[in-house]
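Engineer: One-letter residues, chain by chain:
2 protein chains.
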Amino acid sequence: MTKKMTAAIIGGGVIGGGWAARFLLNGWDVRIFDPDLQAQRKIGEVLGNARHALPMLYDYAMPEEGALSFHDTVAETVEGADWIQESVPERLDIKHKVYAEIQSVCAEDAIIGSSTSGYKPSELQQGAARPGQIMVCHPFNPVYILPLIEMVGTEMSDPALLDRASELLTSVGLYPLRVRKEIDAHIADRFLEAVWREALWLIKDGIATTEEIDNAIRYGFGIRWAQMGLFETYRVAGGEAGMKHFIDQFGPCLQWPWTKLMDVPELTDELAQMIADQSDDQSGHLTIRQLERKRDGNLIAMMRSLKQQGNASGRLLNEHEKTLRPELQEGNPMLSLRRTIPVDWTDANGHMNEGRYGQIFSDAAEEVMAFVGADDDYVANGLSYFTVETTTKYLAETHAGEAVEVHTRVTEGKGKKLRCMHEMRRAKDGEILATCDQFMLHVSLETRRTCDPAPEVAARVEALAAAHQE
Amino acid sequence: MTKKMTAAIIGGGVIGGGWAARFLLNGWDVRIFDPDLQAQRKIGEVLGNARHALPMLYDYAMPEEGALSFHDTVAETVEGADWIQESVPERLDIKHKVYAEIQSVCAEDAIIGSSTSGYKPSELQQGAARPGQIMVCHPFNPVYILPLIEMVGTEMSDPALLDRASELLTSVGLYPLRVRKEIDAHIADRFLEAVWREALWLIKDGIATTEEIDNAIRYGFGIRWAQMGLFETYRVAGGEAGMKHFIDQFGPCLQWPWTKLMDVPELTDELAQMIADQSDDQSGHLTIRQLERKRDGNLIAMMRSLKQQGNASGRLLNEHEKTLRPELQEGNPMLSLRRTIPVDWTDANGHMNEGRYGQIFSDAAEEVMAFVGADDDYVANGLSYFTVETTTKYLAETHAGEAVEVHTRVTEGKGKKLRCMHEMRRAKDGEILATCDQFMLHVSLETRRTCDPAPEVAARVEALAAAHQE
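Going line by line, the protein sequences match chains A and B.
What the first sequence shows, in the working numbering, is residues 1 to 470, in sequence order.
What the second sequence shows, in the working numbering, is residues 1001 to 1470, in sequence order.
Everything labelled a hint here was simulated from the structure, so no lab data went into it.
This one's a predicted model, so the numbers in the text were calculated from it and none came from an experiment.
Beta carbons: idealized from backbone N, C-alpha and C, even for Gly.
Please note: incorrect hints may appear among the correct ones.
Taking lysine-lysine and the PhoX-like style, the derived pairs with C-alpha atoms no more than 25 Å apart in a straight line are [unchecked claim]:
(1) B:Lys1204 / B:Lys1120
(2) A:Lys393 / A:Lys417
(3) A:Lys414 / A:Lys42
(4) B:Lys1322 / B:Lys1003
(5) A:Lys204 / B:Lys1244
(6) B:Lys1416 / A:Lys393
(7) A:Lys244 / B:Lys1042
(8) B:Lys1204 / A:Lys244
(9) A:Lys417 / B:Lys1003
(10) A:Lys322 / B:Lys1042
(11) A:Lys181 / A:Lys120
(12) A:Lys244 / B:Lys1294
(13) B:Lys1003 / A:Lys204
(14) B:Lys1204 / A:Lys120
(15) B:Lys1416 / A:Lys416
(16) B:Lys1097 / B:Lys1120
(17) B:Lys1393 / A:Lys393
(18) A:Lys294 / B:Lys1322
(19) A:Lys42 / B:Lys1244
(20) A:Lys322 / A:Lys4
(21) A:Lys393 / B:Lys1414
(22) A:Lys414 / A:Lys428
(23) A:Lys414 / B:Lys1393
(24) B:Lys1393 / B:Lys1428
(25) B:Lys1244 / A:Lys294
(26) A:Lys181 / B:Lys1294
(27) B:Lys1204 / B:Lys1181
(28) A:Lys428 / A:Lys393
To give a feel for the contact side, a few chain A residues facing chain B, derived at Cβ under 10 Å [claimed, not checked]:
(29) Pro147
(30) Glu240
(31) Gln273
(32) Asp280
(33) Asn298
(34) Gly314
(35) His320
(36) Arg356
(37) Thr390
(38) Thr392
(39) Glu397
(40) Gly401
With these hints in hand, go ahead and build the complete structure from the sequences.
Structural biologist: See below:
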């Protein structure tokens, strides 16, 4: 993105703060309006979590943070903004009033997204000066990590504006799910609602506690859904007989007795208290801040594991990460890698495991390879470099959340040989954390044996080695 | 476990096969009864998947596989078995007939578990010779990976037998959730049912396709549920105000219009076909076998990432893994590590990333440390060894699913110094895959500086180095 983008966040709190963090950490300027006197503190806390978490998702450094500012009026906040996100309380009269204030000042081609889970876009658009500008963009907590945004428009919506909104959401690592027709509660919350209702019954009738229900979910279908959702999971369960067969078999179950339990249990004070007490027993030994960190660590670790598999939300991460990958610049040494140490790279000693140093140097070498023309396409065409020997010196400890840089010199580059001397430094103060002398040989991925590189790669390797001799 | 354990699997298929794999790969002998002529092939396929997947979950080798046999009669299958798992079709008359056959032969203290999702244990026990012996042990597909087992008994059940069943399930890496009162569909399937009903409506009304619903789940609440389930997630969402406040706020939503959509849509042939067609569009480019492999790879990678975090199903894995960790034996070299290369360790070149060699050698060194007394407790008390320098030679490629062994000699051990020479070999043929010369220094975890080891550790290191000189 060449133009500097600006987001206006109307209404802070956990959701507004999550949006702010998502835009800010992707390089946007962010302006915030929230009359709550605690708004700065609350948003500061969400931002603290996000700054710790989000950069750990990627194997490249994120863009430089945008500028954050707090404003006293809606008008000042939204003027000239590209994206305006409304996350005010779920009351239609309040929302309509806010839209009127926004639209009296904002650009006609700005996007006005609402975080509402309770209202349909046609309800939001009622009485607006430019109804087509307002759409539902419903996020999921934590907004700075989870990619899903339910995007809902109406017949009044400008298709070009919806497309533009999709593009912008994608550019900050989100996944806009375009909902085909508006419906109460959009899609995901309808499922949450159905499950919540059932959970209330189970607790009320003494069948299970909050912790037992959580375990029933996360040790079974929860982790299954995290990667395939509902239908693909059932497709696999159906086996060779196919999806139609599975549904025909499964259908009659819907008439079984338990499906009759569909009325809403009365949410008495007693039931609410029972749930609260059970939840205290389960999780009361951790503060909300600790639970948030635990949740974020789990989510990042799982999403990174799916990223390596190239599936589900990990596929989205890989797509977004392509936009973060910089082109290597000439230099002696070259700045071959910039990244943050993720939460899943530490070991029992509380620091980055020594194996991960090897991974970082291997990633740095991959960037050098790309620079000399041995890039992804080259590898896809069956040629690559394999590492034959490394000597690594571990000079200082490295911790999760730290930004690091690798500087690389090519110390040998002739024929099949490619030798790199890497230095990994802490970005903050330049301290050298580790060095690696890495010796590689060019191979054919077909024969898995050494062979000469393509002539243009050989020439670039030789030139780089010569430049780095100086 | 000292005694060799035996499981009898009555009814093969995906679920019975999954049980068979779970027991077999944990070292039990497994006998199978299934009159289906295709049973051997079908169970062979499940076993193939399980043999590929399950060992990758752990950082230690699993026990040696038990013996697998197929039998022609229920009597022959269950005689002398410790665990009898019934996974026959969901018809009560069939199940009763099978229990009568089983109980005429099996030991009185054997456990008879049923995989049923549709029947309550009191229904299963009706008319049985020893009703207290029969319990629901309801698993989740794939049974060889997912830990959840819903265990349900009745007042007739022998509490000691339920405890024994819990213990045995835990010993093969499963998580028995003891359901407090019997109820139709137990716990998890009630949630699945509620979600399924809602999904049918969304498809029928043209709100979303199967793929859009899967995305709404896995890019949002699905991955959240995989680690915290329902209630802990909401506890975090409720923030500082607490769980009671959250429920009081959330409660009224249950009266909102969308919660009225609770009747069951008629599952016409047309609707079934619509779902099947959408599912073909979404996933039809992959065979069921490919989808299974993809699912298993995702699940293993996510569970391994939770294992590293020590949370959710990863916490269970860590507990189970303790039983797999062998005591190191004297030797020159010592066999310091045996493990399978997991699916999340490979890179763009299609083989194990060089960083993971470093991790394996680091893990091997940890075992040597434990052998000389610098074990987990020692580290918890603030002393450890940090690696200062490694020289690694990569001699052959290593792939996901391969079993490897590390053999280690201590080449220097005096004062603060500990130096190991590791060789990593392919278990199958003993080929050397890599070597690592690893130099470590003893440190205080408090000052993060070098210091002398505890005297008994120093003495053991010195003795080991001397023994390995010979």
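Engineer: Holds or violated: A:Lys428 and A:Lys393, Cα atoms, limit 25 Å.
Structural biologist: 20 Å, holds
Engineer: Going by Cβ atoms only, is A:Gly401 closer than 10 Å to chain B?
Structural biologist: 14 Å, violated
Engineer: For the hint on A:Thr390, does the least C-beta distance to chain B fall short of 10 Å?
Structural biologist: A:Thr390 check passes; min Cβ-Cβ to chain B is 5 Å, inside 10 Å.
Engineer: Min Cβ distance, A:Arg356 to chain B: is it shorter than 10 Å?
Structural biologist: With Cβ-Cβ at 6 Å, under 10 Å, it holds.
Engineer: Interface hint check: A:His320, Cβ to nearest Cβ on chain B, cutoff 10 Å. Holds or violated?
Structural biologist: 12 Å, violated
Engineer: Please verify whether B:Lys1204 and A:Lys244 have alpha carbons no more than 25 Å apart.
Structural biologist: 15 Å, holds
Engineer: Do the alpha carbons of B:Lys1393 and B:Lys1428 lie within 25 Å of each other, as the hint requires?
Structural biologist: Status holds; Cα separation ~20 Å.
Engineer: Would you mind confirming whether the straight-line C-alpha gap from A:Lys244 to B:Lys1042 stays at or under 25 Å?
Structural biologist: 21 Å, holds
Engineer: Tell me if A:Gln273 is really an interface residue toward chain B, meaning its C-beta lies closer than 10 Å to one of theirs.
Structural biologist: Where the cut-off is 10 Å and the nearest Cβ of chain B is about 7 Å from A:Gln273, the hint holds.
Engineer: Decide if the proposed pair is consistent with the structure: A:Lys414 and A:Lys428, CA atoms, cutoff 25 Å inclusive.
Structural biologist: 35 Å, violated
Engineer: Quick one, are B:Lys1416 and A:Lys393 close enough, alpha carbons at most 25 Å?
Structural biologist: Distance ~17 Å between B:Lys1416 and A:Lys393 Cα, so the pair holds.
Engineer: Would the hint linking B:Lys1204 and B:Lys1120 be met if the CA-CA limit is 25 Å?
Structural biologist: 32 Å, violated
Hints 1, 3, 9, 10, 13, 15, 22, 26, 27, 35 and 40 from the list above are not met by this structure, while the remaining hints are.
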